[in-house]
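Novice: The primary structure of each chain is shown beneath.
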Amino acid sequence: MRTAYYLGSGIRQGFSRLRLAVYLWLIILIFSLIAIAPLTSVIRINLGHFHLSQPALMPFGLHLVEIFMANDNILKPYLSLLLIIILLLGLLSVFLNAGVFGRMVKPEKKVAFRDFLDDGCRHFCQFFLAVLISLPFFLLILAFYRLLVWPVNAWTSQTASQWPVIIGSNLRMLVLILLWTVFKLFFDLVRIIIVFESKKVIPVIRTALSFSKKQFFKLWALFLIVGFGFLMISIVFLLVGRLFSTGSLAGVLIIIILGQAYIFFRLFTKLVLIGLETTYYSVNR
Amino acid sequence: MIKTKSTYLISLLVFFFFLAVKLFPMNDERQVKYDLSVELLPATQTLQAKETIVWTNLTRDYIPDIQLHLYWNAFKNELSTLAREARREKLFKRISLKKGEWGWIKITSLTTGDGEDLMPAASFISPDEPANPEDQTVLKVGLPEPIRPGQSITLMLEFQSKVPRSGLRTGNYKDGFFISQWFPKPGVYEEGNGWNCHEYHLDSEFFADFADFRVKITVPENFVVGACGEEVERTVDPARGEATYTYVQQNIHDFAWTASPRFIKVEKMFNADEEVTQEEYREMAELLDLSPEEIKLPDVRMILLIEKQHKNQIQRHFKALRAALKYYGLWYGPYPYRTITMVDPPFRTGSGGMEYPTMFTAGTSVILAKDILSPESVIIHEFGHGYWYGMVANNEFEEAWLDEGINTYSTGKVVAKAYGPGKMPMRFNGLPLTWFIDLPAIYDWQLDRLVSPSVAELDPIVTASWKFYNSASYGLNVYYRASTCLNTLERYLGEKTMARIMRVFQMKYRFKHPKTDDFIRVANEVSGRDLSWFFQEFFLGARKFDYGIASVDTREKPRKLQGIFDDLPVKNSNKGNLEPAKNKEKNYEIAITLRRYGQARIGPEEKLGLRVEFEDGSMETREWDGQTRWVRFNFEKPCKVKFAVLDPDFIWLVDSNFSNNSYSASGSRSRILALCSTLFLWPMQNLLLTISSIL
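Chains as they are written, first to last, in the numbering used here: chain X, 1 to 285; chain H, 1 to 695.
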């Protein structure tokens, strides 16, 4: 029942603050369009007036490979541009997360863009500091990962069959994902507490650690339930997307709409998680 | 008189026949004979072996020494030529081994048949540049007397070998062994040029003379053994817990074998009468201009050694092998041996995807997808090497494309014929990627031509293996670029002519060592054309081939021309007006510019076709000799261009960029939109979203 309560609370908060998802979707879209601009430019120049013969020499997608191989001199400069965009977005994400957490933790359901920006400004420094402090924690997680998968590695290195190798590889991936959820959940808590109690980062981390001693696994279980639901719905998106062909304009438009709906769904899931975590913390702190 | 003349003529013919036989020995006069006896000691991963080599001098030279390949010394330490090349290319991990995992071969006794000790006169040499005195893969043995023309010498060797943990193409893992390039093997003596006996390089394969083999292999009783040739005897010694298998095979130039207790051995027959219909024989006979009897296929015993973990794939393996036997046989010539052994290599021995005469290794995964042609593609390719390398035995060190390129081309044809297009065998954590994303089904030749241009300007296809710029240039040039050039040649000459070229080349050079010049000669003879320019440009050159439509300019033809004309202007004159005022139809001046972007050109007598379709449905064609850097074709039409295509029949597959070979007024907007959104925008959004979530 409590599970249903927390999940329900998270979903309700997600819906009530859906505007945040819209803001994030727009910002990600703009950055993505800038990031892919050189690629689309190459495609437009090379394929803009391309004539697809009947029968075709090869699947249309292979022409894409062909033109990028013919223009491979743009690869290095493009990767540099992409890195810069990622770094810029990274910095902006800290600000955006500050705004999102700020609005989600506040009891007011209405979200105004100005308030969102205000929260971003108010909590930016602490959130940025939290990111820096999270790096050694991340390295600890990686070290812990290596320790956890050591038995799997020992098992697969001695096997005479391929099955353990495949199972081991997927097990390692699963362990890494689970550890990543632990890391993410902990630092979501840190951010929630920063906003909730308006404290500095170091005391917040102490509070988060103290809270985690008693409550972490229950909260993590809720997190994983949401994660599992997200995975299932993602598979549904994938299967529905495969039903449509890119051969016609209508099919292309449907796939584009579905794709954007999925991005929006990801952002909505983020809000649900924050809402769930906030509710859990406020009830159990 | 007539009888006397006939008798004289016949006598003359017989004389010349015997003279020819003397000068050009027939295939059944084998130059080399091997008699080997080897014991595998699994506990120490070693071999103890005895070898007798009978080597005959079929040249007119007096040969003072003999050079032997000792390939496994390439895995002895980091000083070998192979290890150094691997380190230079940062591929050292491919062969780097821990203590106890290195491999080697050591000759403990080397005498003539008369018992004369040859070890004092034996020394390692480094015949390739740059010289590497530390390499021990070529042993030069001085002989007490030169081998005279026609004389045979018998060498008796005893040697020990340590099986590397997982060297290139040979190795062991736990109790699974794949043993190749394991015995001292003479190089090839070339009259006037001496020994052709190269060091073992990272990117090279092998070269040896055709020989008769008799090999006895002793292994623990519970091991299942597979080898080149036919098993003719098996004895079991229960007291020692050992079994000895004897294999024989004539007319092959290498011998490999494998042993593992985890194999399942399955035998089936390729019954030609069941596999090939009369209609297929007739069609093929017509294509090759031969009689159906000449192309009839023999029955072949197929032996499969497959790991127990893959036993549910037995049918897939045999289906692919049947297709290979059928189509290689029909197109290139009947398979001349009685058996073919197909091996699913022992796990982690690094021996998959490799060919040996009458045997090959494939390799598969426990999880397969139906729409991915793996292991089928590998099976067909490695079997095909039995034709290109096994029978037509080119020097793989110096002209690797003659087997790898030709076989890649052949494999693509067989796979297309037997299976159609297939999806790429990419995996994610051991699972087929097609389970998650929809990949297009493509033909081999489509992929081959995509990857070829990346190395077109690095090295010519005909380059010695160890002299390529790097391993990528070697692989992409000798396999895929060579295959693309052959596919281009086929489109250029037509399927019929190309089929005959390949058949003639196979049958003429079976059990011989042809070179690139021999292939060119056959191509010229069969096609009746001088194709030297083709091979010079595409095989012996390193230039990119790229012709394209640079622009299509359309402007409305002005009805009234400005300027001064011949007569002075007279009132009410029509000069300057191109048409009567009441005619409202538009006319367009269209200029289509073609360009040669690459350095490579089509042949001096050849033409590139341009097809232009207009909005009114009319069509025009033009031809260009492609020699200059550009050309412009002008049209005057009452409508605009709908589309234009350069090389509309897609002959020049070597063209590095087919995307610039066409022009369409409307373009492929919906496809471009789909590409941009599904391949770029959506994944980029997900990537940026993931990054922002972490922070």
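Careful, some of the hints might be misleading.
[Stated by the list, open to error] Mimicking DSBU-like on lysine-lysine, the simulated pairs with C-alpha atoms at most 35 Å apart in a straight line are:
(1) 76(X) - 90(H)
(2) 76(X) - 544(H)
(3) 76(X) - 423(H)
(4) 76(X) - 560(H)
(5) 515(H) - 496(H)
(6) 560(H) - 586(H)
(7) 496(H) - 560(H)
(8) 640(H) - 560(H)
(9) 423(H) - 296(H)
(10) 90(H) - 265(H)
(11) 214(X) - 109(X)
(12) 467(H) - 560(H)
[Unchecked claim] To spell it out: a stretch of chain X is covered by chain H in this simulated footprint if at least three of its residues, at any positions, have a beta carbon under 8 Å from a beta carbon of chain H; those stretches are:
(13) 34-46
(14) 98-105
(15) 220-231
(16) 268-276
No lab work stands behind these hints, which were simulated from the structure alone. Every value quoted in this text rests on a predicted model; they were computed, and no experiment measured them. Backbone N, C-alpha and C define an ideal beta-carbon position, used for all residues, glycine too.
Novice: Is it true that the CA of residue 76(X) sits at most 35 Å from the CA of residue 90(H)?
Specialist: holds, 21 Å
Novice: Quick one, are residue 76(X) and residue 560(H) close enough, alpha carbons at most 35 Å?
Specialist: violated, 52 Å
Novice: Residue 467(H) and residue 560(H) were given as a pair; does the straight-line alpha-carbon distance stay at or below 35 Å?
Specialist: violated, 66 Å
Novice: When I compare C-beta atoms, does the region 98-105 of chain X have three or more residues closer than 8 Å to chain H?
Specialist: violated (count 0)
Novice: Holds or violated: the region 34-46 of chain X covered by chain H, criterion of 3 or more residues with Cβ-Cβ distance under 8 Å?
Specialist: Check passed, 7 qualifying residues.
Novice: For residue 76(X) and residue 544(H), compute the direct alpha-carbon distance and say whether it is at most 35 Å.
Specialist: holds, 22 Å
Novice: Hey, residue 515(H) versus residue 496(H), does the alpha-carbon distance stay inside 35 Å?
Specialist: Holds: residue 515(H) and residue 496(H) sit about 23 Å apart, inside 35 Å.
Novice: Mind checking the alpha carbons of residue 214(X) and residue 109(X) for me, to see if they're no more than 35 Å apart?
Specialist: Holds, because 30 Å separates the two Cα atoms, which is no more than 35 Å.
Novice: For the pair supplied as a hint, residue 560(H) and residue 586(H), confirm whether the alpha-carbon distance does not exceed 35 Å.
Specialist: holds, 12 Å
Novice: Are residue 496(H) and residue 560(H) close enough, with their CA atoms no more than 35 Å apart?
Specialist: violated, 56 Å
Novice: Three residues minimum, CB to CB under 8 Å: does the region 268-276 of chain X make the cut for coverage by chain H? Let me know.
Specialist: violated (count 1)
Novice: Tell me whether the statement that chain H covers the region 220-231 of chain X is true, taking a Cβ distance below 8 Å and needing three residues at minimum.
Specialist: This one is violated; 0 residues, fewer than the three required, reach chain H with a Cβ under 8 Å.
Hint compliance for this structure: hints 4, 7, 10, 12, 14, 15 and 16 are not met, and every other hint is.
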